[in-house]
Amino acid sequence: MASVTFQNVNKRFGEDVVAVDDFTLTVEDGEFLILVGPSGCGKTTLLRMVAGLEDVTGGEIRIGNKLVNDLPPTERDIAMVFQNYALYPHMTVYENLAFPLRQKKVRKEQARHRVTEVAELLGIGELLGRKPRALSGGQRQRVAIGRALVREPQTFLMDEPLSNLDAQLRVEMRLEIARIQRLLGVATVYVTHDQIEAMTMGDRVAVMRGGKLQQCDTPQDLYDHPKNDFVAGFMGSPPMNLLRADLESTDAGVALVLGAQRLAVPSSYATSHHLPRVDGPGVVFGVRPEDVEVRDVSSADSLITRVERREALGAEILVHLSLVDAEGDNAIVVNDSVAVVARPTMLVAKMGPRSGVSVGDHLQVRLNPDHFHFFDMNSGLSLRRGA
Amino acid sequence: MVVGNVRRAHTVMSARLVLLSAGAVLMILPFAYMLSTSFKPNALVLSIPPQFLPHQVTTSNYTQAWSSNQFGHYFVNSLWVAVVTTLASVLLSAMMAYALARFQFPGRTVAFGLILVGLMVPGLMMLIPQFLLAKKLLLLNSLWGLVVFYTGGNLALNTFLLRSFFQDIPWELEEAMVVDGGGPWTRFWRLILPLSRPALAVVAIFTFLASWDEFTWALTIINDPSKYTLPIGIALFQGQHSTSWGLVFAASAIAIGPVIAIFAIFQRQFVSGIATGAVKA
Ligand SMILES: Nc1ncnc2c1ncn2[C@@H]1O[C@H](COP(=O)(O)OP(=O)(O)OP(=O)(O)O)[C@@H](O)[C@H]1O
Ligand SMILES: [Mg+2]
Numbered sequence: 001m002a003s004v005t006f007q008n009v010n011k012r013f014g015e016d017v018v019a020v021d022d023f024t025l026t027v028e029d030g031e032f033l034i035l036v037g038p039s040g041c042g043k044t045t046l047l048r049m050v051a052g053l054e055d056v057t058g059g060e061i062r063i064g065n066k067l068v069n070d071l072p073p074t075e076r077d078i079a080m081v082f083q084n085y086a087l088y089p090h091m092t093v094y095e096n097l098a099f100p101l102r103q104k105k106v107r108k109e110q111a112r113h114r115v116t117e118v119a120e121l122l123g124i125g126e127l128l129g130r131k132p133r134a135l136s137g138g139q140r141q142r143v144a145i146g147r148a149l150v151r152e153p154q155t156f157l158m159d160e161p162l163s164n165l166d167a168q169l170r171v172e173m174r175l176e177i178a179r180i181q182r183l184l185g186v187a188t189v190y191v192t193h194d195q196i197e198a199m200t201m202g203d204r205v206a207v208m209r210g211g212k213l214q215q216c217d218t219p220q221d222l223y224d225h226p227k228n229d230f231v232a233g234f235m236g237s238p239p240m241n242l243l244r245a246d247l248e249s250t251d252a253g254v255a256l257v258l259g260a261q262r263l264a265v266p267s268s269y270a271t272s273h274h275l276p277r278v279d280g281p282g283v284v285f286g287v288r289p290e291d292v293e294v295r296d297v298s299s300a301d302s303l304i305t306r307v308e309r310r311e312a313l314g315a316e317i318l319v320h321l322s323l324v325d326a327e328g329d330n331a332i333v334v335n336d337s338v339a340v341v342a343r344p345t346m347l348v349a350k351m352g353p354r355s356g357v358s359v360g361d362h363l364q365v366r367l368n369p370d371h372f373h374f375f376d377m378n379s380g381l382s383l384r385r386g387a
Numbered sequence: 001m002v003v004g005n006v007r008r009a010h011t012v013m014s015a016r017l018v019l020l021s022a023g024a025v026l027m028i029l030p031f032a033y034m035l036s037t038s039f040k041p042n043a044l045v046l047s048i049p050p051q052f053l054p055h056q057v058t059t060s061n062y063t064q065a066w067s068s069n070q071f072g073h074y075f076v077n078s079l080w081v082a083v084v085t086t087l088a089s090v091l092l093s094a095m096m097a098y099a100l101a102r103f104q105f106p107g108r109t110v111a112f113g114l115i116l117v118g119l120m121v122p123g124l125m126m127l128i129p130q131f132l133l134a135k136k137l138l139l140l141n142s143l144w145g146l147v148v149f150y151t152g153g154n155l156a157l158n159t160f161l162l163r164s165f166f167q168d169i170p171w172e173l174e175e176a177m178v179v180d181g182g183g184p185w186t187r188f189w190r191l192i193l194p195l196s197r198p199a200l201a202v203v204a205i206f207t208f209l210a211s212w213d214e215f216t217w218a219l220t221i222i223n224d225p226s227k228y229t230l231p232i233g234i235a236l237f238q239g240q241h242s243t244s245w246g247l248v249f250a251a252s253a254i255a256i257g258p259v260i261a262i263f264a265i266f267q268r269q270f271v272s273g274i275a276t277g278a279v280k281a
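In the order they appear, the protein sequences are chains F and W.
Sequential numbering from 1 applies to the first sequence in the numbering used here.
Sequential numbering from 1 applies to the second sequence in the numbering used here.
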């Protein structure tokens, strides 16, 4: 059991493709690290470098204190769940699970014990005699997980191990994997596209984009204090609302200019954040959907909006709102040519399941002033002091 | 409309059946005639009109063929040579194919090119150089001389076939095995070979047939009658007994036995889709 350290790790494919770019991070011994990022950002490549399936172009990878850049994969003692399962087709489920143990010369009896134990945990105990081709996608995926979990390796690498399971099975497996990982205390890197897995399973979450590490923090820190607009927009479902806005000074202090409307910025942000000058370049303003609240009366901290779309998700309703001008008619373009903001005049609000809004309604919404986020207009970096 | 289609389909199907049957008859007829002749008493072999079903059935050709001039001994020689050749050639070519399919090493392309050249040179052209080589290696007049050169002769084609088969085995499977601690040998024995059973079966059959049937090289290097193989043995019947066709055909029929057995044994390996379910499509 050991930590995994990435020191300025680079990976290029050929001349042009930079899959991993100057990646530095330490996964502590026993830590469960979640790795997230958009498709193609280099997550799989990073795991493959740890496993030794891909050469490291630059930088150092250490397992424990040992530099493994040039260590053959068979000597790294790593267990990996592949994104596409990679089960041995000619072996039964039992033989698949027992294979890594056999390679490690574990005694037959002990191996049998371990395999049946893991198979029971993953709910595939009935399938031990079958070949992979006689399994459903979800069953195959569980066998793939099992093949990693039977071992007690230095490190677990899991590449979207639950992607093919139904919702209920996911919940169970999530708990099971997390439990086994705690039990074994093995450093784990776990890739997922699932927000719930990202928020609940790991000790820390690392967010990647374009091969670069954006931020690595505890899930709550990441959620509450994203370092940049990308992380803010990536974590959370639905993601944080991001709007480009100019700043304006008013009698009461500073306000955000959102089309024809103004939104007061509490004075505390002037001290907690490096807000730009009022005649400066403006900011990217962020607020999470759960911090958009419907109000009955108009006030200084509320906006007038129109309901454009309504998505009932059962436990909650997502309401897509557009900002309107004082007369309550036209949606106003706040700012065109915006890179980070897909719909500059749109806000998504999360509402209770019984709120009877319908498309076309005009709503007063209050943005919870305790949870404003400000990012630099150009770099996208958080303007929070000490961030 | 639908009825017309059905009728057309019927016509097409019938035409196909007729053609295939004609082809099959053409293929089987000489074989059947050989078999029937092998059961005829010698007097009736060349009777006119020819009898397809012999009026008089006898197995005396078989007993005579088997017991005359060490025929059983030739049979055993041939079997030994063919089996050892098949084992050696399949194993060696599988190893070569694995290296060529999966490993990066200097000279890989050149090595593969040489193998392809080996495929193109006709065997007869090699007769004299091979003879000189065999002489140097003290392999003349020995069954090992047959095994060594048969093995070598089959290597190129086998390697070529197996290499392309190995290349289609998903690379992810090897990676999985690498991570599970499997080195190249483990992967070869426990992944590549088991997954290639259909291809190995084909290659084994080819090799067995080729070495079982081979005549020219055997005739060239074997002088000692105790080391004759079956093709030579059968040829002997022709001159020696002023070609008693019943005997020749009975001997040939016996010689076909192991070939049929080999087909029967390996046929079970042709299971299609053995690799399905390995990786997510
Ligand atoms: N063998 C390769 N040759 C060239 N480019 C590659 C190779 N493998 C990966 N890449 C590129 O490297 C980048 C990172 O790929 P990677 O598979 O690590 O992404 P990922 O984050 O795992 O994506 P996903 O979430 O879709 O699985 C991609 O742009 C991909 O096209
Ligand atoms: Mg991936």
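The hints are simulated quantities; they were obtained by calculation from the structure and are not laboratory data.
Among the clues, some could well be false.
As the list claims (entries may be wrong) - On the chain W side, residues computed to face chain F include the following (Cβ under 10 angstroms): (1) Val45; (2) Asp168; (3) Glu172; (4) Arg190.
Unchecked claim - FRET-style restraints, in silico, Cβ to Cβ: (5) F:Gly58 with W:Leu132: 55 to 65 angstroms; (6) F:Gly58 with W:Lys135: 57 to 67 angstroms; (7) F:Gly137 with W:Gly257: 46 to 56 angstroms; (8) F:Val171 with W:Leu17: 24 to 34 angstroms.
Being a predicted model, the structure only gives us computed values, none of them experimental.
Glycine residues also receive a C-beta, built at the ideal position from the N, C-alpha and C atoms.
- Please write out, lowest number first, the hints stated earlier that are contradicted by the structure. Hints 1, 2 and 8 are the ones this structure does not satisfy, whereas the remaining hints hold.
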